[in-house]
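Asker: Spelled out from the first residue to the last, the chains are:
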Amino acid sequence: MPDPLRSIESLVVALDDLCLHLGCKDLQIGDHRFNSLLHFCLANACLRNRVLLLYGGMGANKTSLVNLLGCSFLGIPFDDVENLMLTGHPEQTEEKMIGFIDPRQWSCPNGGEMEILWTPWARSNWKVINEINRFPSGKQNIFLELLQKRKVTYAGQVLTPGDTCYFATMNPDFSATYPLDEALLDRISASVPATQPDLINGLALAEREREIADLAGELPRLSREEFYALPEKVSDQQLGSAVELAIVSLVRDFTLCERAPSFDKTELYGTGPSRGLCHGCHYFNNPEVLCWQVDQGLSDRARQDLRAFTRAFSFLCRVEGSKMDVLRAIAPYVIWHRVTLQRSLFDQPPYYGSRKLDLVRTLVEKSIDRTLNERGEMNMILSRAMDGDMPLRRAIRELEEFDDPLARLDYIPALARML
Amino acid sequence: MSLKGFMEEAYGGQVRSRRLERRKGTVVLSLKEISDKLESRPEKVDVARLAPKGALLARLISLVPEGKREALIWGYLTSIAAEGSLEPVEVTGGDYAGLELARGRLFIDGAGDHIGEGMKGGLIRVRGRSGHYLGQGMSGGGIVAGSSGDYAFRNISGGWGVILGDSGSYLGLGNSGGRVVVKGRAGQRVGWLMHSGRLRVGGDVGDYLGLMMSGGRISVGGCAGARAGWRMRGGKIEAACYGPEACGDGRILGGEDS
Chain S
0 MPDPLRSIES LVVALDDLCL HLGCKDLQIG DHRFNSLLHF CLANACLRNR
50 VLLLYGGMGA NKTSLVNLLG CSFLGIPFDD VENLMLTGHP EQTEEKMIGF
100 IDPRQWSCPN GGEMEILWTP WARSNWKVIN EINRFPSGKQ NIFLELLQKR
150 KVTYAGQVLT PGDTCYFATM NPDFSATYPL DEALLDRISA SVPATQPDLI
200 NGLALAERER EIADLAGELP RLSREEFYAL PEKVSDQQLG SAVELAIVSL
250 VRDFTLCERA PSFDKTELYG TGPSRGLCHG CHYFNNPEVL CWQVDQGLSD
300 RARQDLRAFT RAFSFLCRVE GSKMDVLRAI APYVIWHRVT LQRSLFDQPP
350 YYGSRKLDLV RTLVEKSIDR TLNERGEMNM ILSRAMDGDM PLRRAIRELE
400 EFDDPLARLD YIPALARML
Chain W
0 MSLKGFMEEA YGGQVRSRRL ERRKGTVVLS LKEISDKLES RPEKVDVARL
50 APKGALLARL ISLVPEGKRE ALIWGYLTSI AAEGSLEPVE VTGGDYAGLE
100 LARGRLFIDG AGDHIGEGMK GGLIRVRGRS GHYLGQGMSG GGIVAGSSGD
150 YAFRNISGGW GVILGDSGSY LGLGNSGGRV VVKGRAGQRV GWLMHSGRLR
200 VGGDVGDYLG LMMSGGRISV GGCAGARAGW RMRGGKIEAA CYGPEACGDG
250 RILGGEDS
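Protein chains in written order, with numbering that gives the first Met the number 0: chain S, 0 to 418; chain W, 0 to 257.
Rather than coming from a laboratory, the hints here were simulated on the basis of the structure. Be aware that a few hints might be false.
Straight line, CA to CA, 20 Å or less: simulated SDA-like cross-link-like pairs of lysine to any residue [claimed, not checked]:
{"no.": "1", "chain 1": "W", "residue 1": "3", "chain 2": "S", "residue 2": "376"}
{"no.": "2", "chain 1": "W", "residue 1": "52", "chain 2": "S", "residue 2": "138"}
{"no.": "3", "chain 1": "W", "residue 1": "52", "chain 2": "S", "residue 2": "339"}
{"no.": "4", "chain 1": "S", "residue 1": "150", "chain 2": "S", "residue 2": "243"}
{"no.": "5", "chain 1": "S", "residue 1": "150", "chain 2": "S", "residue 2": "92"}
{"no.": "6", "chain 1": "S", "residue 1": "232", "chain 2": "S", "residue 2": "216"}
{"no.": "7", "chain 1": "W", "residue 1": "3", "chain 2": "S", "residue 2": "239"}
{"no.": "8", "chain 1": "W", "residue 1": "52", "chain 2": "S", "residue 2": "354"}
{"no.": "9", "chain 1": "S", "residue 1": "365", "chain 2": "S", "residue 2": "243"}
{"no.": "10", "chain 1": "W", "residue 1": "31", "chain 2": "S", "residue 2": "160"}
{"no.": "11", "chain 1": "W", "residue 1": "3", "chain 2": "S", "residue 2": "387"}
{"no.": "12", "chain 1": "W", "residue 1": "52", "chain 2": "W", "residue 2": "85"}
{"no.": "13", "chain 1": "W", "residue 1": "3", "chain 2": "S", "residue 2": "365"}
{"no.": "14", "chain 1": "W", "residue 1": "3", "chain 2": "S", "residue 2": "391"}
{"no.": "15", "chain 1": "W", "residue 1": "36", "chain 2": "W", "residue 2": "47"}
{"no.": "16", "chain 1": "W", "residue 1": "3", "chain 2": "S", "residue 2": "81"}
{"no.": "17", "chain 1": "S", "residue 1": "138", "chain 2": "S", "residue 2": "105"}
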């Protein structure tokens, strides 16, 4: 079997030749720059059962890119990939989307199990939900079940499509769009902004005479074996202790709050830092601490997605050694759509209430830097105490001096329970 | 792998020790923080620059200020909140509520002193009694209060005020405009040094009504106390009856210039 990564790399070159507008190379990993839109799509195609949301205005090539990749990864014609796409509008029904009861069985009953005619979209392993926010809220719940259970149910019948690549596109808020609720957003693994072509890109696009559908035939295609081998290749990537520790600390940093119950920081509807939950807390307004800067925290799904995408990017970008740069680059895209930021902070310059990804990127940097530097000693104290190399009471005393929210809310109570 | 081994691998044997840096960010979360960031006497424009928005602003105006400086800041914040809201903003107690209010509506329960001082527009509704200096120096807008202490609507140049109950002494002192109505009684020296504007008191007033006034019009539904119109140079006073040593005879006192 040929190396699937070589096929993907030739696909990237071919896409470049197509003059498909994808925006600038805005993702820095180590010394190299990549295009976030393209590489997150490629990473998601290498993973299974993750959901990638492409967010941006109309004409930003979101759907075209996903369909071109589908064409190449599945090795099928462009038209067939387009037929696998589900497009959002208020009149979409469950029957049109996932399947319906075969009406022929009423005229000639076979007495057996009721037969459902599943739609090609429901059966496929490459699911594209186009303009997901044009589905009304009630119909968005169908995706909630699919993304949660990886199954489709209709009239008591269950369809298990198997390992699937999920893509969704979303426009900004228009009159005909409906907001995505937090539960659905939490099931979206990563969200990438797609930008409109600038003048230079517009000129490049003007030189292209042929339609994308015509050009799709020129793209290199992965074989079936290569496509199915990708998840295993990705899982072969080892993250290392430092990256694993940074991921766990990052999720906890976005979630910690001693005033909210530990099971409730992600579900604080009536209160939160923006509503005065942290008033009087000495961590509040300290830019070094993250807990007060986020109204709604992260769930454990974020941790799983951070690990998966770090591995996928390490594979795609052929990163050897430490994967920390990969984590730094991809973590904001995994986190930003899931969190609600502290409003007063977010409204201020340089964010002006709109540059959410930039603010989340800053917070991610702070958390990772803190874990790698300031938290070193306290992490060693915790590990020595947990492994019995240090008296628990002494460890607690020493940890108390750090005044770090993680030490105070996670480490010390854990050691106190061992006393 | 043991946790210790995991950590040692994560840090590669190079552990640096630093404590959490304790500093405050740019987000303002308490009246004291705003106070600390302002150098001299707080000005509305400076407070507006530092004021948070939304729920945090609502949170700040629910706090009890400590000292006059914080009270001034709190007063500006109540005005900033009312000016930025389409709905009426409700606050409880405190001095300087609605300080230099320019627009919007502010509803106050159990108000302190200096309510609506220097206001230029908008509406303040005080439920119950307000303290002293109600609407002092206002140039626009309107205030409705249940009752007031002394120096209500002092030095006003515009706007209007209604006191549904009684007012204290020195009502309308030095006014150069505006209209004020007190439905109940008022204390002494109502309209003292008044230059222009109108005052109406439904009930009785104390001594020295319109003392040294030079313009404007005062109308009293009840009886005026002693020495009404004392050393008056202009304007008009009208009362149902007058106490001893009132200037002039009859129901209307006053000069020809008003």
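Asker: Each hint: holds or not?
Answerer: Verification of the hints:
no.	hint	verdict
1	W/3 - S/376	12 Å, holds
2	W/52 - S/138	35 Å, violated
3	W/52 - S/339	16 Å, holds
4	S/150 - S/243	30 Å, violated
5	S/150 - S/92	18 Å, holds
6	S/232 - S/216	27 Å, violated
7	W/3 - S/239	14 Å, holds
8	W/52 - S/354	17 Å, holds
9	S/365 - S/243	16 Å, holds
10	W/31 - S/160	59 Å, violated
11	W/3 - S/387	10 Å, holds
12	W/52 - W/85	14 Å, holds
13	W/3 - S/365	24 Å, violated
14	W/3 - S/391	14 Å, holds
15	W/36 - W/47	12 Å, holds
16	W/3 - S/81	52 Å, violated
17	S/138 - S/105	28 Å, violated
When the structure is compared with the earlier hints, violations turn up for hints 2, 4, 6, 10, 13, 16, 17 and for no others.
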